[in-house]
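A.B. asks: Read off the chains here:
2 protein chains.
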Amino acid sequence: MEGISRMNNRIRHKLLQDKIVTADEAATWITDGMLVGMSGFTRAGDAKIVPLALVEKAKTENFKVDVYTGASLGPEVDQYMAQAGIIRKRAPYQGDPVMRNLINQGEILYTDAHVSHNAELIRTGIVGPIDVAIIEAVAITEDGMIIPTTSVGNSPVIAQHAKEIIIELNTAQPAELEGIHDIYMPGVQGKREPIPMTNAGDRIGTSGIPVDVSKIRGIVLSEMKDAPSLIVPPDEETAQIADHLLTFFRQEIEAGRLTKELAPLQSGVGSVANAVLNGFLDSEFENLEVYSEVLQDAVFELIDAGKVKVASGTSITLSEAYGKEVYGNLKKYQSQLVLRPQEISNHPEIIRRLGLISINTALEVDIYGNVNSTHVTGSKMMNGIGGSGDFARNARLGIFVTKSYAKGGDISSIVPMVSHHDHTEHDVDVIVTEQGIADLRGLAPKERVELIIENCAHPDYKEQLRDYYNRAVEATNNAHTPHLLAEALSWHVKLTETKSMK
Amino acid sequence: MEGISRMNNRIRHKLLQDKIVTADEAATWITDGMLVGMSGFTRAGDAKIVPLALVEKAKTENFKVDVYTGASLGPEVDQYMAQAGIIRKRAPYQGDPVMRNLINQGEILYTDAHVSHNAELIRTGIVGPIDVAIIEAVAITEDGMIIPTTSVGNSPVIAQHAKEIIIELNTAQPAELEGIHDIYMPGVQGKREPIPMTNAGDRIGTSGIPVDVSKIRGIVLSEMKDAPSLIVPPDEETAQIADHLLTFFRQEIEAGRLTKELAPLQSGVGSVANAVLNGFLDSEFENLEVYSEVLQDAVFELIDAGKVKVASGTSITLSEAYGKEVYGNLKKYQSQLVLRPQEISNHPEIIRRLGLISINTALEVDIYGNVNSTHVTGSKMMNGIGGSGDFARNARLGIFVTKSYAKGGDISSIVPMVSHHDHTEHDVDVIVTEQGIADLRGLAPKERVELIIENCAHPDYKEQLRDYYNRAVEATNNAHTPHLLAEALSWHVKLTETKSMK
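Those protein sequences? They're chains R and Y, same order as listed. Just add 13 to wherever you are in the first sequence, counting from 1, and you've got our numbering. Just add 13 to wherever you are in the second sequence, counting from 1, and you've got our numbering.
Everything labelled a hint here was simulated from the structure, so no lab data went into it. Incorrect hints may have been included.
Unchecked claim - FRET-style restraints, in silico, Cβ to Cβ:
(1) R:Glu476 / Y:Glu463: 39 to 45 angstroms
(2) R:Ile266 / Y:Glu236: 47 to 53 angstroms
(3) Y:Glu463 / R:Ser220: 43 to 49 angstroms
(4) Y:Thr219 / R:Lys204: 26 to 32 angstroms
(5) R:Asp480 / Y:Glu463: 37 to 43 angstroms
(6) R:Gln30 / Y:Glu463: 37 to 43 angstroms
(7) R:Lys176 / Y:Glu487: 39 to 45 angstroms
(8) Y:Asn483 / R:Lys507: 22 to 28 angstroms
(9) Y:Glu299 / R:Asn21: 55 to 61 angstroms
(10) Y:Glu299 / R:Ser220: 41 to 47 angstroms
(11) R:Thr509 / Y:Asp480: 16 to 22 angstroms
As the list claims (entries may be wrong) - Keeping only pairs whose Cα atoms sit at most 27 angstroms apart, straight-line, the calculated DSSO-like set for lysine-lysine is:
(12) Y:Lys322 / Y:Lys273
(13) Y:Lys27 / Y:Lys72
(14) Y:Lys204 / R:Lys322
(15) Y:Lys507 / R:Lys459
(16) R:Lys475 / R:Lys459
(17) R:Lys273 / Y:Lys32
(18) R:Lys459 / Y:Lys102
(19) R:Lys238 / R:Lys204
(20) R:Lys507 / Y:Lys507
(21) R:Lys320 / Y:Lys204
(22) R:Lys204 / Y:Lys507
What you are looking at is a predicted structure, and each value in this text was computed from that prediction instead of being measured. In this text, a Cβ means the ideal position worked out from N, Cα and C, and glycines have one as well.
Could you build all of it, start to finish, from the sequences and the hints given here?
C.D. replies: In structure tokens:
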């Protein structure tokens, strides 16, 4: 644990310096039936040691709480608290295999919501009242502002609407994070001003979260690092996806629809989206801007390579290796980074104004361009919709990427009808697989079918897809969106029964 | 036809006064393969007499054009031009039975798009180049601005991006329309400022559409009135839907989430949505604001009753009777009306900022809250998504209304899985039928099922729905969103085969 003078540097508000308590004591304040709001977004900047104390407390006490966060948290909540059986309901995003299984066994209720919508629900009290907020901080300022760590997420709105706040003051997070955040709160609907941002790197708010310090009940000291991200490196097929996309961008430049600097880039969570951004490394593109949600390894690689000049997001989620590099040299990146509340990083107003290029991962896509991002064979939740809907709906280019097959070829990612709809045909501009690219903008359903099957489907499934479509055209007398409803989901049924769509 | 001095009052730009041509001559400028942009939104302010001349020309000449408009047009285009076989592709909305049938027979291609997205597609040239624009106007100003008539729609962006423009100067449209429009163009993405609007009634633009007058190739004089709207009067069940909604609003006020003035109201196109607004007439609510897309009869009834103080939209579509009343007394309404481009009336930036209450009609809803607004049994296009997605996604309250049954009870509007997805579970806050209301905000899928079946389904179908859900829970071991994929669309299959879902 650090010395007192260094700690005073972190807790700069005089009234708070005697509020330090143990995690065990803070855990006693959390009781059965409470709604607990927590900091954290994709395993970054999340509450960690009070959750572990709650897991300990669960050994001798029966209780369950609802947990509302920014997005997915690390193992302390989404694995250990879940396993301990003390979470009744979870929202608005998760990505841990343990949490996922419990959701799909009906043990934990889960509400999956657009990343930009959560704050409105909290502000109006639809989600609430929040009994306790647990917010990880790197410091508390003289005037009582909470300085978040590696994510902002929903922490501002959670802190402001919670009845009381527990701070996890984390000295393992570098002090240089202070100054990276930009906290802008849009206020009550109907009394709002326009959000005064016209560039990805604009700073429009405060450097921390202003709170009523009398609500801060306790400060728990922590030295636990964020859990590293679990992304896997690019492979041949993700590189092909990136290549197709770069070719497409070059064509857009030629058509006068993009400039050499492209437009602010958004890239979704996970390995495929990270690999696609990676593709820019060896390209001619430079002076790029990132206006995204999660800043993953590839963003920092692009900054290091001098390709990206500014990156805005709501969290930084890095692999173990890259985390050491970035957090050991944070000063270097400080002027190029902005972390915002998730309702601002994902706000439709900004996404439409800046005209983002949005790249997100699809689980499966259908022949008309509808996208499933969340459910395996219609019923089982994977992670959640996250910000993909915020971005795809309002971006200049709503791009979805996926490999054309999964499970060694037993699954086709292109299907007659997706088994769950997260993004409708109206919100999907471009689909890319390792096979090729389908630019669907302005096209009628029948025009889309042709492109999606020919350019994106795996060769093993093309004939089967064409056959479905041709018979659907026949059976519906060539209706607007030909489907055979008795057969539309049969590929998924077959998969469940025989382990293959073939 | 009017006298010369009165006509000079309408064509006030000196260079244009000798541009008057016949509709037949203008029709000769439109040739095979062209993309024609036309004014008009839900049968209001649409091009009429050049389309009729094109129908005439088709008797002796083979040609086909693509037609891009604001939304649905009157019979001159969506009936007569369609019947004449001269439309290859239609976008972005339609609602005429003739057009609909041709789309569903594969005779006309149709692209159905969010109302707020069209302008971006035209601006970037994805839709384009527009060879000719045909714009109905009530006047052309001294400085060459086109003053639209009863709708603005996509006319500004179409006029600015078309190679040449034909004006239908319509003297049957009241001159007092001038001053009602507010034309604001957001400019190129990435170089935009915030849209400077914070109240439903704010005027932020010009009174007409600024164009390069040298592009105006001809002016055709017209005296054809808009086709009246075809809405049917409220009935017992739509009155019940309105009652449920008013009760819900009262509860929201009690919970402190709404004030007595509610929030700016948006109400979708058609009879059910009109009837719901009608319900406010006998209520205690007043000082209401409307920020909508189409202003139908009910909006004017509410203005007349002193309930609505300001109404903003992109078009005015009235029944024959109400049209006489309103257009005969337009002075009376002038200060309370604003007509905007559809990308502004439906802009996510404004919808989220003002926090609209959005009320749209569903064709069918499923047990998890997904909504189908467009397709009959999955394949056949009805009208289109229109603005429902713009509003539902970003509104304070995304409400969908529908009667719980159709075809005398042979169809349940609540089904296991919708046969086409326009609005996903993430975008649907509240569902209302004559049976009752389901407030889905913040709920997990399994919590939603209970409310939707119990409160909204018709009693004849409740048991059948519960049975599906219970068996899905069993078969999926209680997964997140239990579905029986082999059966999910079987109600629609049965309907097609036996004419009943029972």
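A.B. asks: Determine for every hint whether it applies to the structure shown.
C.D. replies: Verification of the supplied hints:
1. R:Glu476 / Y:Glu463: 39 to 45 angstroms: This hint holds: roughly 43 angstroms between Cβ atoms.
2. R:Ile266 / Y:Glu236: 47 to 53 angstroms: holds, 49 angstroms
3. Y:Glu463 / R:Ser220: 43 to 49 angstroms: holds, 45 angstroms
4. Y:Thr219 / R:Lys204: 26 to 32 angstroms: holds, 27 angstroms
5. R:Asp480 / Y:Glu463: 37 to 43 angstroms: Cβ of R:Asp480 to Cβ of Y:Glu463: about 40 angstroms, so the range 37 to 43 angstroms holds.
6. R:Gln30 / Y:Glu463: 37 to 43 angstroms: Since the Cβ atoms of R:Gln30 and Y:Glu463 sit about 49 angstroms apart, the hinted range of 37 to 43 angstroms is violated.
7. R:Lys176 / Y:Glu487: 39 to 45 angstroms: holds, 40 angstroms
8. Y:Asn483 / R:Lys507: 22 to 28 angstroms: holds, 24 angstroms
9. Y:Glu299 / R:Asn21: 55 to 61 angstroms: holds, 57 angstroms
10. Y:Glu299 / R:Ser220: 41 to 47 angstroms: Given about 44 angstroms between the Cβ atoms, the range holds.
11. R:Thr509 / Y:Asp480: 16 to 22 angstroms: Holds: the Cβ-Cβ distance is about 21 angstroms, inside 16 to 22 angstroms.
12. Y:Lys322 / Y:Lys273: Cα-Cα ~14 angstroms, so holds.
13. Y:Lys27 / Y:Lys72: violated, 36 angstroms
14. Y:Lys204 / R:Lys322: OK: Y:Lys204 and R:Lys322 at ~18 angstroms, within 27 angstroms.
15. Y:Lys507 / R:Lys459: holds, 25 angstroms
16. R:Lys475 / R:Lys459: holds, 16 angstroms
17. R:Lys273 / Y:Lys32: violated, 43 angstroms
18. R:Lys459 / Y:Lys102: Distance of about 12 angstroms is within 27 angstroms: holds.
19. R:Lys238 / R:Lys204: At roughly 40 angstroms apart (the allowed maximum being 27 angstroms), R:Lys204 and R:Lys238 break the hint.
20. R:Lys507 / Y:Lys507: holds, 21 angstroms
21. R:Lys320 / Y:Lys204: holds, 21 angstroms
22. R:Lys204 / Y:Lys507: violated, 50 angstroms
Of the numbered hints listed earlier, those contradicted by the structure are 6, 13, 17, 19 and 22.
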